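Quick note, the sequences are listed as chains A and B, same order.
Sequential numbering of the first sequence, starting at 10, is according to my numbering.
Sequential numbering of the second sequence, starting at 10, is according to my numbering.
Treat the hints as calculated values from the structure; they're not laboratory data.
Given the structure is predicted, the values throughout are model-derived calculations rather than measurements.
Please note: incorrect hints may appear among the correct ones.
Copies of the same chain look alike in the list, so a pair counts if it works inside one copy or between any two.
[Claimed, not checked] As a list, the in silico DSSO-like pairs of lysine-lysine whose alpha-carbon atoms are at most 30 Å apart:
{"#": "1", "residue 1": "246", "residue 2": "222"}
{"#": "2", "residue 1": "33", "residue 2": "75"}
{"#": "3", "residue 1": "222", "residue 2": "33"}
{"#": "4", "residue 1": "212", "residue 2": "298"}
{"#": "5", "residue 1": "298", "residue 2": "33"}
{"#": "6", "residue 1": "95", "residue 2": "75"}
{"#": "7", "residue 1": "24", "residue 2": "212"}
There are 2 protein chains.
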Amino acid sequence: MQRYLVTGVSGFVAKHFLNLLEEKGEPCEVIGLDVNSSSIGGYRFPISVEVMNLLDSQAINNFIVKFKPTRILHLASFSSVAESWKSPVTSFNNNTNIFLNVLDPLRMNNIPCKVLSVGSSEEYGVVTPAELPLRETQPLNPGSPYGVARVAQEQLSRLFAQGYGLDVVMTRSFNHIGPGQRDQFVISSFVKQVVQARRAGHKSLVLRSGNTKVIRDFLDVRDVVRAYFELLVNGRKGEVYNICSGIGQSLDHVLSTLSELTGVTITQEVAPELLRPNELLEIVGSAGKIHSELGWTPRIDFRTSLLDMVDYWDDKLSQDGNPDIPR
Amino acid sequence: MQRYLVTGVSGFVAKHFLNLLEEKGEPCEVIGLDVNSSSIGGYRFPISVEVMNLLDSQAINNFIVKFKPTRILHLASFSSVAESWKSPVTSFNNNTNIFLNVLDPLRMNNIPCKVLSVGSSEEYGVVTPAELPLRETQPLNPGSPYGVARVAQEQLSRLFAQGYGLDVVMTRSFNHIGPGQRDQFVISSFVKQVVQARRAGHKSLVLRSGNTKVIRDFLDVRDVVRAYFELLVNGRKGEVYNICSGIGQSLDHVLSTLSELTGVTITQEVAPELLRPNELLEIVGSAGKIHSELGWTPRIDFRTSLLDMVDYWDDKLSQDGNPDIPR
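Sequences and hints are given; from them, build the entire structure.
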């Protein structure tokens with residue numbers, strides 16, 4: 010029976026991963042770690058959550074020695090690029106160092122375990138249009154402290170696999186979307202605002218945003234966690250895999266699709282404070298490697314993701330009892 | 010007047026840097042930081058040493074705010090590749106994290122200061138013979154936890170320069186040699202053993218070592234610190250420079266030169282425990298960039314370095330009062 014350790018267990022991606030485990034129905038046991046206490050339940054498999062600061066290497070070591078996980082999904086991360094510019098030390102510690110704190114006990118205590126090291130498309134950094142779609146062989150040129158931290162995490166993963174024989178598999182994950190995502194992320198914020206307008210009976214909405222010409226590779230979180238599961242089962246030790254849709258969507262296209270799905274006319278207004286200097290116009294990945302090696306391919310199309318997000322925000326805003334006043 | 014902050018001030022390279030400052034004779038003030046207390050003096054410029062663990066970010070911040078250095082030479086490092094395999098977390102913390110702890114206070118407190126971030130040829134990692142001599146444009150492919158830590162340090166340096174405008178200059182420094190180097194380094198260990206044999210009146214020596222066919226790029230520490238000084242004065246912000254001789258020397262050639270210089274016949278014997286798996290046969294850098302930009306070029310030839318190291322060990326072993334029994 011697999012014993013899963015999921016770090017960052019109270020987050021958006023973890024929730025969908027637990028749902029997938031439930032769907033799979035294979036017997037397993039899960040312990041989640043998180044900085045905040047949270048009650049997670051309602052699954053058929055046993056699950057518990059321990060509050061832990063992953064900077065406390067001794068506590069993690071003790072925990073891992075005791076629990077002896079067979080699979081680790083490491084989702085805990087300070088993943089904001091903007092925050093990494095404001096607090097580079099904090100960002101670095103809470104990405105690279107916490108990862109090392111989770112990984113090294115396996116080496117030191119000789120615990121056999123498959124580890125998924127979740128990285129980011131931010132590792133690629135500045136790229137030229139001719140290099141798209143980005144493949145795993147692309148040189149890494151990180152453009153933010155967060156990107157540097159993820160590159161270090163990946164390089165350490167590779168060395169732990171090659172040098173110590175640890176069964177570590179790495180990802181470079183592109184933008185996620187899906188129900189349950191917080192509104193600090195661009196698409197979820199768009200959907201929330203449109204749903205708020207519709208609930209308030211408005212037929213139109215002025216939506217402030219950064220540059221909507223930018224093109225990004227968005228993948229539904231349910232496809233993301235399916236890829237993670239496949240990698241935890243069959244990913245090759247020491248290898249890195251892009252997790253992406255392979256399709257570029259402009260934010261303009263997102264807005265027009267949202268308008269069509271909800272019947273709300275959207276007028277976009279540029280918010281200067283949301284324009285990012287030197288922002289790359291287009292970032293799209295190739296999922297060719299994980300497709301050819303593991304047969305994984307996205308199942309949820311972009312329109313379906315958006316529809317599910319509309320439903321999510323509709324439910325959430327009605328539960329919050331504050332549906333009518335856009336915040 | 011320049012206010013120098015030198016981290017790792019009790020080390021081999023720092024000592025030669027202080028000697029160079031003395032030689033230059035320009036008015037300056039130096040504060041050294043080190044984990045161990047050490048009394049350093051005898052210079053015409055004021056110098057003091059503070060004991061500090063660079064993992065203590067608050068202490069460093071307070072110190073930097075108070076001292077307001079104008080130039081930082083960051084030499085503190087856990088620089089052993091072998092140790093980084095044994096204790097990757099410790100190696101990472103004591104390279105990347107201590108560097109960030111020194112750098113970030115300049116950003117947070119807006120202190121104008123030129124910083125030299127000392128990196129390593131280990132950042133290049135696995136390379137093919139066709140890629141020699143290594144230039145700064147070579148993709149980085151670190152092959153040890155220490156190498157990964159140095160890559161992260163360099164990438165963070167570049168971002169701090171580009172993103173925050175900090176005046177950081179980076180190096181990739183190749184193997185150092187010179188008087189004062191500890192005998193945990195290969196050449197210094199060779200010289201010490203040969204000098205011990207000569208002092209004991211032996212005409213020949215059986216010297217155990219790893220693979221002596223390997224070719225490395227050795228640069229005299231006095232040329233190294235001259236390069237560091239030039240970079241602290243004129244190095245371009247956010248740029249990385251190889252610090253190397255550009256000349257490959259095989260360890261066999263080192264041994265034959267030593268034999269010639271001392272009159273001791275050396276028989277090499279392979280020590281299996283010193284053979285490193287996957288060791289690269291040849292690593293040589295190009296110093297073209299620092300030469301063309303700053304006019305720096307090595308002044309001390311390899312033979313002179315070895316002679317000075319022979320004299321150093323002769324002096325040291327006679328002072329230690331234990332000249333006759335090889336350890």
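To see whether the hints hold, each was checked on the structure:
Taking the shortest Cα distances, residue 246 and residue 222 never come within 30 Å of each other, neither inside one copy (38 Å) nor across copies (33 Å). When the C-alpha separation of residue 33 and residue 75 is checked against a cutoff of 30 Å, the pair qualifies only within one copy, where the shortest distance is 26 Å, while the shortest distance between copies is 59 Å. For the homomeric pair residue 222 and residue 33, neither the shortest alpha-carbon distance inside one copy (39 Å) nor that between copies (56 Å) is at most 30 Å. Taking identical chains as interchangeable, the C-alpha atoms of residue 212 and residue 298 are never at most 30 Å apart, the minima being 44 Å within one chain and 62 Å between chains.
Taking identical chains as interchangeable, the C-alpha atoms of residue 298 and residue 33 lie at most 30 Å apart only when both belong to the same chain, with a minimum of 24 Å there against 57 Å between chains. For a Cα distance limit of 30 Å, the shortest separation of residue 95 from residue 75 across copies, 23 Å, qualifies, whereas the shortest one inside one copy, 37 Å, does not. In this homomeric assembly, residue 24 and residue 212 never come within 30 Å of each other (Cα to Cα): the closest approach is 34 Å inside a single copy and 74 Å across copies.
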